Amino acid sequence: MAKKQHGERNKGDLLLDMRDIRIEGFSDEKWHPIIKGVDLKLHRGEVMGLIGESGAGKSTLGKAAMGYTQPGCRITGGSILFDGIDLRALSDRELRRLNGSRMTYVAQSAAASFNPAHRLIEQCVEATVDHGLKPDSDAKADVRKLFRSLQLPDPDNIGQRYPHQVSGGQLQRAMTAMAMSPRPDLIIFDEPTTALDVTTQVEVLSAMRDIVQQFNTAAIYITHDLAVVAQMADVIKVLRYGETVEDAPAREMLKHPKMPYTRSLWAVRSLEKPEERSDDIVLRVNGVDASYGGVVKVLQDVTIDVPRGSTVAVVGESGSGKSTTARVITGLLPPMKGNVLFNGEPLPLALKDRNKDQLRRIQMIYQMADTAMNPRHTVRDIIGRPLEFYLGLSGKALDARISELLKMIELDDSFMERLPGELSGGQKQRICIARALAAEPEVIICDEVTSALDQIVQEGILKLLLRLQNEFNITYLFITHDIATVKAISDQIVVMFQGKVVEQGMKSEILEPPYPDYTQLLLSSVPEMDPDWLTHLLAEREKTGAMSSSGN
Amino acid sequence: MHPILKTILQRLGLGLLTLFVVSIIIFSSMQFLPGDFATAVLGQSATPETVAAFRKELGLNDPAVVRYIQWIGGVVQGDFGSSFSGRSAGREREVMELIAPRLWNTLFLAGLTAAIAVPLSLALGITAALYRNSLYDRTINATTLTTISFPEFFVAYILILLLATLWKVFPSLANVRPDTPLMDRIYMCALPALTLTLVIVAHMMRMTRAAIINLLASPYIEMARLKGVSSSKVILKHALPNAWAPIVNVIAFNLAYLVVGVVVVEVVFVYPGIGQLMVDAVSTRDIPVVQACALIFAATYILLNLFADIVSIVTNPRLLHPR
Chain G
1 MAKKQHGERN KGDLLLDMRD IRIEGFSDEK WHPIIKGVDL KLHRGEVMGL IGESGAGKST
61 LGKAAMGYTQ PGCRITGGSI LFDGIDLRAL SDRELRRLNG SRMTYVAQSA AASFNPAHRL
121 IEQCVEATVD HGLKPDSDAK ADVRKLFRSL QLPDPDNIGQ RYPHQVSGGQ LQRAMTAMAM
181 SPRPDLIIFD EPTTALDVTT QVEVLSAMRD IVQQFNTAAI YITHDLAVVA QMADVIKVLR
241 YGETVEDAPA REMLKHPKMP YTRSLWAVRS LEKPEERSDD IVLRVNGVDA SYGGVVKVLQ
301 DVTIDVPRGS TVAVVGESGS GKSTTARVIT GLLPPMKGNV LFNGEPLPLA LKDRNKDQLR
361 RIQMIYQMAD TAMNPRHTVR DIIGRPLEFY LGLSGKALDA RISELLKMIE LDDSFMERLP
421 GELSGGQKQR ICIARALAAE PEVIICDEVT SALDQIVQEG ILKLLLRLQN EFNITYLFIT
481 HDIATVKAIS DQIVVMFQGK VVEQGMKSEI LEPPYPDYTQ LLLSSVPEMD PDWLTHLLAE
541 REKTGAMSSS GN
Chain B
1 MHPILKTILQ RLGLGLLTLF VVSIIIFSSM QFLPGDFATA VLGQSATPET VAAFRKELGL
61 NDPAVVRYIQ WIGGVVQGDF GSSFSGRSAG REREVMELIA PRLWNTLFLA GLTAAIAVPL
121 SLALGITAAL YRNSLYDRTI NATTLTTISF PEFFVAYILI LLLATLWKVF PSLANVRPDT
181 PLMDRIYMCA LPALTLTLVI VAHMMRMTRA AIINLLASPY IEMARLKGVS SSKVILKHAL
241 PNAWAPIVNV IAFNLAYLVV GVVVVEVVFV YPGIGQLMVD AVSTRDIPVV QACALIFAAT
301 YILLNLFADI VSIVTNPRLL HPR
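Keeping their order, the protein sequence lines are chains G and B.
Just so we're aligned: the first sequence equals residues 1 to 552 in my numbering.
Just so we're aligned: the second sequence equals residues 1 to 323 in my numbering.
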């Protein structure tokens, strides 16, 4: 077959040529088109950014580039030429010989994509050894080198660990090493940093970029984060509803997006709320220490003031205690020390000691709208439940109120009888908002409510939340790790790190220099649309020797 | 100490505790057996005096607590007491003497069946998962479901009809003796073992298949496919190692059944196993034998479940290698 397996790799030769690709997926007893005739050309050594909302078909197209379709999908048309080989004409066995040797894949969640039963290094060399590219010992020695160049701690021994013994950021780098081990011509990166904290993301991004450049590998980088793609890609392709919206070199597209849809993707980050000062404190977390099981303190002396009618954003990386704070406020986790004051009155510490009215006044919206709703309840049941429970509504009054709430979240009565499974991600989150609103609360705790959503949908949800705040003077405690969201909607910001409050103040104060070290690291790690941002940032950090959490 | 060893010791301790509680339950339920050994042996016509004398000899007049302590004290030292029946002047039959050859027979049959059924159901389960929804898969599923759906004695008689009467391949009786040579034993046990295999294969095979298929949607399985790993290796190397826990639990459950639940099959093939012994002992109110059998059955369950737990731990790196 392909004789020049790892022969000369002239940058610029056409490597992948996909023409008029059509892919269908099976659901509801029918075949639905997912990709509707997309062309894709990729040259050797080139990185293509593939962006779009979820459901746009990015992942499906990325896997199709390897000749792979997931169960329940089929390729119905078009041709895929990889280095002159027609992938659609190959037998399963021939295709398997290419998968994992000349083309490899880096998945979104490394934690789920590593087999829990095998050691990292075994998994990293599996494809290389199976395909007979290198003997086991050479492949392992090479992967250790890759671990080193990806800046994994203790590169000689980390491969002996099992996936659960290393952190998410490390796993993502190990997976990049796994993809690089056979020295493929093409790597598909499928949202590889979406699940990571911003601070970890920077390190993983730079490691991936370096290694792709070092071996002159072509890559398709799938993401919905434009700023990330700006750092990685030479060319950008925007997908929507399974069709190409726009194709252009990265710098050109970032400067002058042509299509209205592309421009709307760019526009999201322009949402901004003027901050408002308020001294009427509705909720006060007062010197709280908390722990799970009493051993390790997850929160230490946390004090947060939440003024009425404003939005307080709590930011920090995962493990910083943001969500634990929310659990303390709602009473799910009674604190060891300190208390929670509501309108100046201390709330009972434990959920079971609070009365209905106290419960009603604080509501919560979760990150995963999917798991926060009973899949067997209709929208009417979901929104109606707090109305019956807290407000005692029933019959006509109940229906009228549900309909009113649906209107508030910009949906109509046709949604009443739907089940959560019949809603899109954004609609689900809207239903969760309506459920929280139904209780007529004073404070709503939003725990990463937009981080599972695409940018455009995010913008819609954030706008809705702001509008509701203006109309009903609701107070938000907004937990997030996304600084762009914070800029967009907050009045005040609380920065948390390792269970402590590092900084608290008005948005303008926190986002103005000088910053404490941690805030600096957090803020500087947020990718910007400038394609040179990562290069400059790394140079800057190199120079100042700024704190780095590469062991993370 | 290695955490695994610690867990095993912990479970063993808990197992002993369970066994102790079970012994109390066994002993007290004996008190609810209707009738009385003395009357059962001596017959309706015995005079009250003879019955009373006999009861006294057996120690049945002591309070229950005293009898329990005497019994459990003996058991702890390996002495299960002596049987009520088969007594003649100056000679008592030790319970262990009665049980030992029967227990050995039962374990032999269980072992023979397990040696056939476990590898068979694993192989069927794995191949059914590999070729899921194919004709092969559906045939295996339908066949095993059919054999498990019939009562054991029915399967046994069908096998006798086919393999002992129509085609004289195996003997229809499995009345082994202690001095039967090993090969003859295996030959005689073929039909009972086959019957039991047909009864337990479906459960284990379906669990193997389900446990593997359940994992096939995992991202790491897709990853393995994208690495170009072949379907059979995906199942054997990537799915199976993560599926052992549920599979082994079902295997342990079925092995326990082979020891404690096969009395019907023993009766059909006239096989001298422990199940028949216990049923006989119950009908003659031979309480020490019943108690000893019940305790052995309980211990079997506890040991096999312990074994399943250990396998689950050893095959799960999260438990074997904590962070």
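The set of hints was computed from the structure by calculation and includes no laboratory data.
Mixed in with the good hints there might be a few duds.
Stated by the list, open to error - Simulated coverage check for chain G against chain B, where a stretch passes if three residues somewhere in it have a Cβ under 8 Å from a Cβ of chain B:
1. 54-68
2. 322-332
3. 371-384
4. 415-429
Said to hold, decoys possible - The calculated label-pair distances, taken between Cβ atoms and stated as ranges, are:
5. 123(B) - 149(G): 56 to 64 Å
6. 7(B) - 72(G): 55 to 63 Å
7. 376(G) - 154(B): 49 to 57 Å
8. 376(G) - 28(B): 42 to 50 Å
9. 246(B) - 394(G): 44 to 52 Å
10. 123(B) - 410(G): 52 to 60 Å
11. 77(B) - 153(G): 31 to 39 Å
12. 312(B) - 251(G): 35 to 43 Å
Claimed, not checked - Here are a few chain G residues that face chain B, going by a calculated C-beta distance under 7 Å:
13. 91
14. 96
15. 366
Being a predicted model, the structure only gives us computed values, none of them experimental.
Heads up, the beta-carbon is just placed ideally off N, CA and C, and yes, glycines get one too.
To see whether the hints hold, each was checked on the structure:
1. 54-68: holds (count 3)
2. 322-332: violated (count 0)
3. 371-384: With 0 residues in contact (Cβ-Cβ under 8 Å with chain B), the coverage given for the stretch 371-384 of chain G is violated.
4. 415-429: It is violated: at least three residues are needed, and the stretch 415-429 of chain G offers just 0 whose Cβ sits closer than 8 Å to chain B.
5. 123(B) - 149(G): 56 to 64 Å: violated, 44 Å
6. 7(B) - 72(G): 55 to 63 Å: violated, 41 Å
7. 376(G) - 154(B): 49 to 57 Å: Since residue 376(G) and residue 154(B) have Cβ atoms about 41 Å apart, the given range 49 to 57 Å is violated.
8. 376(G) - 28(B): 42 to 50 Å: Cβ of residue 376(G) to Cβ of residue 28(B): about 45 Å, so the range 42 to 50 Å holds.
9. 246(B) - 394(G): 44 to 52 Å: Given a distance of about 45 Å, which is inside 44 to 52 Å, the answer is holds.
10. 123(B) - 410(G): 52 to 60 Å: holds, 57 Å
11. 77(B) - 153(G): 31 to 39 Å: violated, 58 Å
12. 312(B) - 251(G): 35 to 43 Å: Once the Cβ atoms are compared, 55 Å apart, the range 35 to 43 Å for residue 251(G) and residue 312(B) is violated.
13. 91: violated, 12 Å
14. 96: Since chain B brings a Cβ to about 4 Å from residue 96(G), closer than 7 Å, the hint holds.
15. 366: Not OK, violated: residue 366(G) not within 7 Å of chain B, min 23 Å.
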